[in-house]
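Asker: Each chain is listed here by its residues.
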Amino acid sequence: MKTNAWKLKDVLLIAICAVLFGVVYLGCTYVGGILYGILTPFGMASLGYEPFYGIYFMAGAFGVYVMRKPGAGLIAELLAAVLECLFGNYFGPIIILSGLVQGFGFELIVALKRYKKFDRLTMIEGAVLCSVLTLGYNLVISGYNQIAVPVLALMLAVRIVSAIVFDGVVTPLLVDGLVKAGLLKGYAVARDTAVDLED
Amino acid sequence: MTGFLERWNPTVKAGTVLVCVILLSVQYLVSLNLAVFGVCLVLLLSGSRCGWRRVAALLLPACLAALGLFVMGLYYARGGSVTQVELDTVSAVPYAVRAAMSHNLYTALQLATRLLAYAGLGMLFALSTDAEFFIASLLHQCRLSPKFAYGILAAFHLMPGMVREFSQVRLAFAVRGLHVHPLSLKPIFTMLVNSVHWSESVSMAMESKGFAGNAPRSYYTVPRVHWYDLAGAALAVGGIVLGMLLLHY
Amino acid sequence: MAEQTALSMQDVVFRYMEQGKRNILDHVNLDIPAGSVTVLMGAGGCGKSTLAAVAAGLYPENGGVLAGGNVFWFGRALTGMDPQQRARQVGMLFQNPDLQFCMDTLREEMRFCMENLCLAPDAMDPRIDAAAAELGVQALLDQPLHTLSGGEKQRAALACLYVMESRCLLLDECFANLDRDAARQLMDLLQRMHRQGRTIIAIDHQPDLWLDTADEFILLGDGGRVAARGLHKGNLDRYRPLFDDLGLFYPSPPRPHIPLREERAPVLCFEGVSIVRGTVRQTLFRRRSAAGPLLLDNAQARFPQGAMTAVLGPSGCGKTTAFLAVLRRHAYAGRITLNGTDLAKIRRRELYRQVGIVFQNPANQFITQNVAEEVMASLRVWNPAWPEDACRAEADRRLEEYGLSRYRRYSPYMLSQGQQRRLAVLSVLCGGQKLLLLDEPTYGQDARSVQAIMAQLQGKVRAEGLSVIFITHDRALAAAWADKIYWLRGRRLEPVPAEEVLA
Numbered sequence: 001m002k003t004n005a006w007k008l009k010d011v012l013l014i015a016i017c018a019v020l021f022g023v024v025y026l027g028c029t030y031v032g033g034i035l036y037g038i039l040t041p042f043g044m045a046s047l048g049y050e051p052f053y054g055i056y057f058m059a060g061a062f063g064v065y066v067m068r069k070p071g072a073g074l075i076a077e078l079l080a081a082v083l084e085c086l087f088g089n090y091f092g093p094i095i096i097l098s099g100l101v102q103g104f105g106f107e108l109i110v111a112l113k114r115y116k117k118f119d120r121l122t123m124i125e126g127a128v129l130c131s132v133l134t135l136g137y138n139l140v141i142s143g144y145n146q147i148a149v150p151v152l153a154l155m156l157a158v159r160i161v162s163a164i165v166f167d168g169v170v171t172p173l174l175v176d177g178l179v180k181a182g183l184l185k186g187y188a189v190a191r192d193t194a195v196d197l198e199d
Numbered sequence: 001m002t003g004f005l006e007r008w009n010p011t012v013k014a015g016t017v018l019v020c021v022i023l024l025s026v027q028y029l030v031s032l033n034l035a036v037f038g039v040c041l042v043l044l045l046s047g048s049r050c051g052w053r054r055v056a057a058l059l060l061p062a063c064l065a066a067l068g069l070f071v072m073g074l075y076y077a078r079g080g081s082v083t084q085v086e087l088d089t090v091s092a093v094p095y096a097v098r099a100a101m102s103h104n105l106y107t108a109l110q111l112a113t114r115l116l117a118y119a120g121l122g123m124l125f126a127l128s129t130d131a132e133f134f135i136a137s138l139l140h141q142c143r144l145s146p147k148f149a150y151g152i153l154a155a156f157h158l159m160p161g162m163v164r165e166f167s168q169v170r171l172a173f174a175v176r177g178l179h180v181h182p183l184s185l186k187p188i189f190t191m192l193v194n195s196v197h198w199s200e201s202v203s204m205a206m207e208s209k210g211f212a213g214n215a216p217r218s219y220y221t222v223p224r225v226h227w228y229d230l231a232g233a234a235l236a237v238g239g240i241v242l243g244m245l246l247l248h249y
Numbered sequence: 001m002a003e004q005t006a007l008s009m010q011d012v013v014f015r016y017m018e019q020g021k022r023n024i025l026d027h028v029n030l031d032i033p034a035g036s037v038t039v040l041m042g043a044g045g046c047g048k049s050t051l052a053a054v055a056a057g058l059y060p061e062n063g064g065v066l067a068g069g070n071v072f073w074f075g076r077a078l079t080g081m082d083p084q085q086r087a088r089q090v091g092m093l094f095q096n097p098d099l100q101f102c103m104d105t106l107r108e109e110m111r112f113c114m115e116n117l118c119l120a121p122d123a124m125d126p127r128i129d130a131a132a133a134e135l136g137v138q139a140l141l142d143q144p145l146h147t148l149s150g151g152e153k154q155r156a157a158l159a160c161l162y163v164m165e166s167r168c169l170l171l172d173e174c175f176a177n178l179d180r181d182a183a184r185q186l187m188d189l190l191q192r193m194h195r196q197g198r199t200i201i202a203i204d205h206q207p208d209l210w211l212d213t214a215d216e217f218i219l220l221g222d223g224g225r226v227a228a229r230g231l232h233k234g235n236l237d238r239y240r241p242l243f244d245d246l247g248l249f250y251p252s253p254p255r256p257h258i259p260l261r262e263e264r265a266p267v268l269c270f271e272g273v274s275i276v277r278g279t280v281r282q283t284l285f286r287r288r289s290a291a292g293p294l295l296l297d298n299a300q301a302r303f304p305q306g307a308m309t310a311v312l313g314p315s316g317c318g319k320t321t322a323f324l325a326v327l328r329r330h331a332y333a334g335r336i337t338l339n340g341t342d343l344a345k346i347r348r349r350e351l352y353r354q355v356g357i358v359f360q361n362p363a364n365q366f367i368t369q370n371v372a373e374e375v376m377a378s379l380r381v382w383n384p385a386w387p388e389d390a391c392r393a394e395a396d397r398r399l400e401e402y403g404l405s406r407y408r409r410y411s412p413y414m415l416s417q418g419q420q421r422r423l424a425v426l427s428v429l430c431g432g433q434k435l436l437l438l439d440e441p442t443y444g445q446d447a448r449s450v451q452a453i454m455a456q457l458q459g460k461v462r463a464e465g466l467s468v469i470f471i472t473h474d475r476a477l478a479a480a481w482a483d484k485i486y487w488l489r490g491r492r493l494e495p496v497p498a499e500e501v502l503a
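Residue numbers (the numbering used here), protein chains in the order written: chain A, 1 to 199; chain B, 1 to 249; chain C, 1 to 503.
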């Protein structure tokens with residue numbers, strides 16, 4: 001059995017959901033923008049988007065949780081990044097670089113567990129690692145190493161909470177709902193979840 | 001008539017942008033950052049078909065982000081942080097604060113201009129690159145599998161329909177007396193249900209048109225890397241390296 | 001195996017779950033001669049769409065298990081053919097026109113198709129031009145596909161099959177969402193392609209459009225097995241009882257039902273209403289409404305209370321947008337009154353307590369993951385004071401009334417299209433809404449489900465004074481159920497008698 005090969009419909013599912021999460025994120029940037037505006041005079045502007053940072057990783061979390069095979073996190077995040085790039089984000093291909101970092105976060109955690117455990121705890125660990133890695137990315141690429149440590153710590157804390165909520169809790173919850181509705185037949189997540197239907 | 005930016009091979013263009021970003025990330029020259037930003041804007045407006053409106057639409061959020069980062073750097077730069085108390089009593093301790101601010105001011109400028117330089121490079125790519133061309137180039141220059149290439153394109157083209165459907169789902173919920181805000185999970189769940197159906201339908205439609213993931217196929221056009229694509233890359237990278245060597249602030 | 005047989009299915013068994021007991025296709029045997037036009041008919045849930053997907057080789061690749069049997073195309077076994085070889089034998093047209101493309105424009109989509117078949121690049125343009133000329137789709141070639149209407153999309157999809165030169169066209173309810181004119185245009189193209197020697201196999205639940213074209217109708221029963229074949233225009237009347245048995249539309253001119261005699265007070269009034277297409281776009285700088293074409297121009301209409309009113313018109317003419325205006329989700333000029341009160345003066349939440357809507361795709365309005373919970377959630381929204389067991393009892397009563405109590409523990413998404421629509425109607429009316437808007441109630445359903453839901457609503461209209469306004473492109477449906485019919489044409493709403501609709 002070639003369980004490791006991606007089918008066209010797998011690629012489409014992850015890509016379409018990545019677009020969906022992108023749309024959700026776009027909706028949140030309006031809220032984030034307001035928060036950003038309020039926080040700017042206090043020098044905490046970048047904190048405005050942090051509460052929604054976890055939405056960035058949702059494609060990766062979704063990919064890992066649904067597909068449950070090596071490479072799923074990385075591939076899902078790369079798909080999302082390329083799509084984001086096509087939609088005309090002002091960071092263009094730089095998004096692909098950060099997508100790589102994000103995908104690596106989930107990939108590392110599930111790889112350490114030998115691609116055998118995909119429970120909530122794993123997802124939460126992945127979310128935390130993702131937050132840490134992306135902050136590392138910000139330190140190097142965005143020059144956040146110039147910012148005082150307590151502020152960075154605060155940003156990281158908010159980011160971790162956001163990631164845990166969106167990727168450790170919400171994403172598995174949504175996917176489990178899909179499984180219960182009988183929609184993900186044939187995906188690894190449905191094989192691992194017993195569904196009891198009849199009375 | 002397309003500009004030279006649009007004809008620049010997208011893979012080479014993206015690679016150039018990434019190399020430039022990595023180079024810029026190891027320097028702290030405000031002047032170089034601003035120069036990169038300016039050159040990118042000029043190139044965009046002169047070398048591509050995209051009008052100033054589209055540039056402005058992307059520039060505005062980028063500038064806002066830069067402003068936020070600027071203020072953050074001003075207050076909380078490493079080593080010379082000013083606390084809120086000190087700021088509130090700014091006239092009482094003018095010297096210390098001014099000293100801290102002047103140090104911070106430079107850091108803040110470094111942070112903000114770096115973001116602008118990135119945004120300039122990113123926009124240079126985003127606003128001058130056709131989706132089909134980019135994916136075709138990834139397919140041929142980066143050996144991206146056709147399965148992924150056309151999967152991405154299909155998802156990309158579903159976007160308008162998805163936005164339409166999303167707003168209808170929200171409307172349907174509102175009419176049922178439910179209050180929906182941007183983060184309501186229920187409409188997102190409904191859209192995920194749709195996404196699963198769509199992925200199945202589109203996959204079947206593509207396969208019924210003879211598309212097999214990795215089977216050999218012919219190509220109407222094959223993007224190639226020409227000497228001028230590489231020359232452009234060398235020029236951009238060389239310019240930045242030169243700037244790093246010659247500029248001091 | 002003879003070359004004269006286009007499709008041959010031998011003892012095909014297919015199910016969705018590996019360990020599942022229910023076979024969707026249960027020992028199907030079917031031969032379809034080459035060069036013919038054959039229509040496969042079956043009620044919803046008989047497995048006819050699955051049959052098409054299995055025949056085209058899309059299942060089990062995309063789901064399910066082929067537990068036994070063989071499929072042959074023009075004498076060649078389907079197993080062992082790759083998608084490329086399959087596409088040369090059979091090309092498919094799907095029900096949902098929005099989900100058939102992966103490229104931006106028809107020209108690029110056609111290139112994509114020919115690339116899949118490894119056609120030489122310089123052979124592509126001539127073939128595109130020839131196809132466009134033959135099918136008259138030149139105007140569609142370079143428009144973004146997502147801006148085309150449903151009918152245009154189906155013609156575009158057909159043009160793709162044309163350039164691939166598939167020997168057989170397999171159509172899975174491709175007329176489902178098209179109005180009469182669009183359907184005729186598509187039929188015209190199909191006939192043209194048939195004359196060039198292509199075999200056509202169509203899956204449909206309505207024979208009307210095919211009467212003059214089809215060589216044979218085949219009726220499918222449970223498990224996709226053939227219930228009767230050899231039907232054609234001349235002998236169809238002999239099979240009338242079987243049509244009824246299977247729950248299929250029989251192509252008789254529908255009797256217009258007797259509308260209400262007396263003039264009733266209007267529940268909803270349009271007084272000089274004008275609506276412009278175009279979405280209000282949020283740009284970075286300001287809200288800008290892209291003024292599109294005028295959809296309604298100074299329209300007058302009175303929708304009677306305690307009656308069913310149909311709004312007829314081709315798809316894309318603005319019927320749904322008019323509904324959105326009634327829900328105050330689309331700007332309009334003029335005056336709309338609900339029970340005499342100006343709509344602009346009613347608060348939205350209050351409005352939704354009086355007006356409910358069921359959209360084309362009812363799955364879009366489910367708010368829970370359980371059928372019983374779905375109804376209860378709605379009851380709670382509108383009756384916050386009710387105790388839990390009162391809600392439960394009321395939900396049970398309503399589910400019983402709509403024949404859904406068997407499924408109370410199911411996820412709404414597991415129900416059939418017809419059941420989903422019934423559930424949507426049921427939950428939308430939980431707040432005691434007195435006006436129900438119904439958008440394209442026939443969408444994706446067979447005769448029996450449509451009859452069931454319309455009869456149910458008619459009962460509620462007569463017994464409880466509910467008012468129903470439904471929009472449809474199906475003239476027979478309008479004539480059969482509506483007490484009053486408005487025709488949206490020339491940007492006006494004109495009341496028309498049922499006889500004129502059927503003429």
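It should be emphasised that the hints constitute simulated quantities derived from the structure, not laboratory data. A virtual CB, placed ideally from N, CA and C, is assigned to each residue, including glycine. Among the clues, some could well be false.
For the chain B half of the interface with chain C, some residues (derived, Cβ under 8 angstroms), not all of them [to be verified]: (1) S31; (2) G161; (3) V169; (4) G177; (5) L178; (6) M204; (7) A205; (8) E207; (9) S208; (10) W227; (11) A234.
Sample of chain A residues with no beta-carbon within 10 angstroms of chain B, all distances over it, derived [what the hints assert, rightly or not]: (12) P70; (13) K113; (14) L121; (15) G136; (16) L156; (17) D192; (18) T193.
Asker: Enumerate the violated hints, using their earlier numbering and listing them in ascending order.
Answerer: The structure breaks hints 1, 10 and 11; every other hint is satisfied.
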